[in-house]
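Q: With the first letter of the sequence shown counted as 1, position 89 gets the number 89 in this note's numbering; the numbers rise by one all the way through.
In short, the hints are calculated from the structure, not lab data.
Hints may be right or wrong, so weigh each one.
To be verified - Heads up, simulated DSS-like pairs for lysine-lysine below, C-alpha to C-alpha not over 25 Å straight-line:
| hint | residue 1 | residue 2 |
| --- | --- | --- |
| 1 | Lys48 | Lys22 |
| 2 | Lys22 | Lys10 |
| 3 | Lys8 | Lys22 |
As the list claims (entries may be wrong) - Pairwise CB distance ranges (calculated):
| hint | residue 1 | residue 2 | range |
| --- | --- | --- | --- |
| 4 | Gly86 | Asp58 | 17 to 23 Å |
| 5 | Gly35 | Glu7 | 29 to 35 Å |
| 6 | Gly41 | Thr6 | 27 to 33 Å |
All values derive from a computational prediction rather than experimental measurement.
Beta carbons are placed, not taken as given, at the ideal position from N, Cα and C, and that holds for glycine.
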Amino acid sequence: MNINITEKAKQELKNIEVGGEKFLRIEVVSGGCSGLTYGAGIDTDFHKDDVVLFQDNDFRVVADMRSALYLDGLHIDYSDDLIRSGFRFSNPRAKKSCGCGSSFSA
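The whole structure should be built from the sequences, with the hints applied where relevant.
A: Next up, the structure:
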């Protein structure tokens with residue numbers, strides 16, 4: 001599993017105190033105009049069907065096995081734009097994405 005996290009996204013994860021027992025959980029769920037959308041949140045409960053997508057000395061990124069099937073090659077960035085601040089996900093394996101960039105199809 002290969003995901004890329006920019007330095008800006010790593011810094012924001014540190015700022016919101018992800019690390020130790022806390023990790024970033026990413027999920028792929030049905031929704032949006034293209035069929036699938038990303039969800040993300042801070043979690044502490046690691047489940048038996050979870051996969052560690054990324055780990056270094058500071059933090060982990062985790063997904064359930066079903067979501068992980070869609071996440072290989074994922075690029076995670078962070079934007080502090082006034083209008084649309086937050087984590088941004090892009091995946092070169094997505095076949096199609098909607099105009100606003102919030103959903104995709106695989």
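Q: Each of the hints needs a verdict: does it hold here or not?
A: Each hint, compared with the structure:
As the CA atoms of Lys48 and Lys22 are separated by approximately 17 Å, the hinted pair is consistent with the 25 Å bound. For the given pair, Lys22 sits about 14 Å from Lys10 by alpha-carbon distance, which is consistent with the 25 Å threshold. Of the supplied pair hints, the one linking Lys8 and Lys22 holds, its CA atoms being roughly 19 Å apart against a limit of 25 Å. A hinted range of 17 to 23 Å for the beta carbons of Gly86 and Asp58 is consistent with their spacing of about 20 Å.
A hinted range of 29 to 35 Å for the beta carbons of Gly35 and Glu7 is consistent with their spacing of about 31 Å. Hint check: Gly41 to Thr6, Cβ distance near 19 Å, so the stated range 27 to 33 Å is violated.
Comparing the model with each numbered hint stated earlier shows that hint 6 is the single one that does not hold.
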